[in-house]
Every structure is written in structure tokens, then in C-alpha cells.
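S.K.: Generate coordinates for the entire structure from the input sequences, incorporating the hints supplied.
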Amino acid sequence: MASKMKTIPAGWHSVTPFLCVKDAARAIEFYRRAFGATELERMEEPDGKVNHAVLKIGDSLIRISDDSSKHVAEWAAKGWSRSPQSLGGTPVHFYVYVEDSDAVFKRAIAAGAKVMEPVADKVWGDRIGSLTDPFGHVWMVATHKRDVPIKEVEKHHAASSRAVNSR
Amino acid sequence: MLYGTAVETSEVSFAEDPRVPEQSEKSARPEEAPAAPRRGIMPFMYVEGAGRAADFYKQVFGATELMREFDPDGTTVNHAQLKIGDTMIMLSDPASQDVRESGSQGVYRTPHQYGGSSVHLYVYVANVDEVFKRAIAAGAKVIDPVEDKEWGDRCGGIEDPFGHVWWVGTAIKDLPPKDSN
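Those protein sequence lines, which keep their order, are chains A and B. Note that my numbering numbers the first sequence so that position 99 is 99, with each residue one more than the last. Note that my numbering numbers the second sequence so that position 29 is 29, with each residue one more than the last.
These are computed hints drawn from the structure, not numbers from a lab. Check the hints yourself; a few may be wrong.
Computed from the model, here is a short list of chain B residues facing chain A with C-beta under 7 angstroms [claimed, not checked]:
id, residue
1, I41
2, G85
3, T87
4, G116
5, S117
6, V119
7, L121
8, V123
9, Y124
10, I136
11, P161
12, T170
13, A171
For lysine to aspartate or glutamate, the following EDC-like pairs were computed, each having C-alpha atoms within a straight-line distance of at most 20 angstroms [unchecked claim]:
id, chain 1, residue 1, chain 2, residue 2
14, A, K6, B, D148
15, A, K6, B, E150
16, B, K141, A, E74
17, B, K149, A, E41
18, A, K56, A, E99
We put the CB at the ideal spot given by N, CA and C, even for glycine.
M.R.: This is the structure we're talking about:
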């Protein structure tokens, strides 16, 4: 059984986000500048619209399609695949670990992202800032600074009258 | 000046946490909850009923629950963290006190509230047909039935009961990694 084929292709994680954006070509450029993304694949339609592209950010891949591409037109008509601009927001944000969240945050803002929440140390041990990119997708840029025992997080939440149930 | 032309060429470094076991290894901390993976990109999903959504993802995708956090009422789950395969996902309920008190619930909405989603999730599983059936039995809607796709996966699309869209796939052809060239 050792030679059995892997059911996850090499290089992919179990879960990969698939982003629908308005003007995917510009979005890819933004992700390159802001997050140092590398482009692994791009398929364009005859009019130049990005049918789909695969980018690598850190150790993770993301897929991107243009919201007006033929690739997503059929799903978009049913509401399944629309850009954040078209929806007025996005119901899936991204929490991304980088080595220096302050530096990446500044780069992203310089590249056109908007600050949602400035970078700050959080009780769970991460230093994070939240931003909205120029295409409406939301990113929480994080660096893990210290290990916090779950008891300590619980204590903090108890102080703010919340309960945590860790398993 | 930090952000001149350097922005275009410099590489961003990403955290590699040596404490995170690879997916094929057993957890090094068997007595505790599994360590949360601290690398890569984790989807943070807004749902009506984070507890019910966590249960759905556990039942359908075999997710492991890492954490569940309650409002003061002790029953409303405001936040949950799960691991599907090697990837962590986080769930949050915009109706929870936690989010309401944050004062910025306008940006925290669910697919049902938006009337759709701008981020789908592609999930690799060992047996797509089984997972697809489980998903439908648990209340998901079919977007695209399971079939062999030209990109080397057997794959189908569903909308889960919370409005999130998943493409469930199993690799059936050995293809070179995307960044192998």
C-alpha cells in the first residue's frame, strides 16, 4: 500500500480558498506586491479575463477567478460566486501567518489596502492587524509571538464574561 | 523609505512553525488538544450558528474540533476552530454577543446575509463520493455533481446549509506539483 497514490496532490493543503474578484489581473498584482505571492498558473479567456489563476502565498495556494469570466458566470448568476464589491462584503476572511506582520501590513497598506484594525498584540499570543484589500477581501495578517496556555486565554475571557471550552 | 521599488521585488517571509507536526505524523501532544497550525492561510468563516456549523463540518468532512467559545449565555457559540486535514478553519457567528459588542458587525456577515459568497473552499478528501453523499444527507445542496475533471481530480460542488460553497475533490491522477517547473 506504500505506493498508493496520494488523494491530495503534491503542494496542496486540505483546504484551499477560491477567491472571486473583480479585475483578477489587478488583484494578482496586488497580492504579489502586498503578500509576495508567486503566480503558478494563469488561464486567460480570449478577452483577457482571468479564467482562473493559482497563487502561492507562504506555504499555501489560493485560486482566483475574475467575477466576469465565463468560468464563474454560471455560478455567479445563482449567487454562488460573486466578488466582494458585488456582494457588499465577504463572508470568508483570511487569517494568514507571516514572519513579520508589521512589515507585511505596512506593505499591504502601501499597495492600496485599507486598515480595518491596526496591528496589535492579542491575548492568544499573535500580533495581528486586519485589512481590506482593494478588491474587498479581508485579511488578518498575523505573527505568532508567544505560546499562551489555553488556561490563560480562558482567564482573559472569563474576565470579559465569556466562556471558552477547549477540547 | 521602506516602500519604494523594493515592494515589487522583495520576498515576504512566512512563518514555518517547527512545532507543527506534518499531517502524516501523530500529534506530539497526545494529552492536550492538537496544536493549532500556525502557518499558511486559514479561512475565517461567518455563519449563523457556529456550533451547528462546526458539527456539520465534523460530520461531513471529518473535521477535528480544536476549540469552541461561548457567549455568556453558555449556549451561543461565538467562535470555533476546526482542523480539516492539515488546514485550520475558524468559524464565527455575527449574531453572537462577541461580534455585536465589537461594534463592527457590518463587516461580519454570512453568505445568507450577503446573498452569496465571494470565497469558495476547495477541500481534498480521501473519497469524494462518500463525503459528497454525507454532505447531501446532512443538508447540503448540489451545485455540480461529482465527476472526473480534466485537472486530475474527481470533484463536485455543494452549498452547505450555512451558504458556504465547497468543491470537494479527490486526486485521481498523479500530476506534477504546481511549482515544480
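S.K.: Hints first: check each against the structure and report whether it holds.
M.R.: Against the structure, the hints:
1. I41: 4 angstroms, holds
2. G85: 3 angstroms, holds
3. T87: Holds: closest Cβ of chain A sits about 4 angstroms from B/T87, inside 7 angstroms.
4. G116: 3 angstroms, holds
5. S117: 5 angstroms, holds
6. V119: 4 angstroms, holds
7. L121: 5 angstroms, holds
8. V123: 5 angstroms, holds
9. Y124: Given a least distance of 4 angstroms, the restraint on B/Y124 holds.
10. I136: Because about 16 angstroms separates B/I136 from the closest Cβ in chain A, which is outside the 7 angstroms limit, the hint is violated.
11. P161: 14 angstroms, violated
12. T170: Check passed: Cβ of B/T170 comes within 5 angstroms of chain A, closer than 7 angstroms.
13. A171: Hint holds; B/A171 Cβ to chain A Cβ min 5 angstroms, cut 7 angstroms.
14. A/K6 with B/D148: 16 angstroms, holds
15. A/K6 with B/E150: Status holds; Cα separation ~17 angstroms.
16. B/K141 with A/E74: 16 angstroms, holds
17. B/K149 with A/E41: Measuring from Cα to Cα gives roughly 17 angstroms; hence the hint holds.
18. A/K56 with A/E99: The given pair, whose Cα atoms are some 16 angstroms apart, holds under the 20 angstroms limit.
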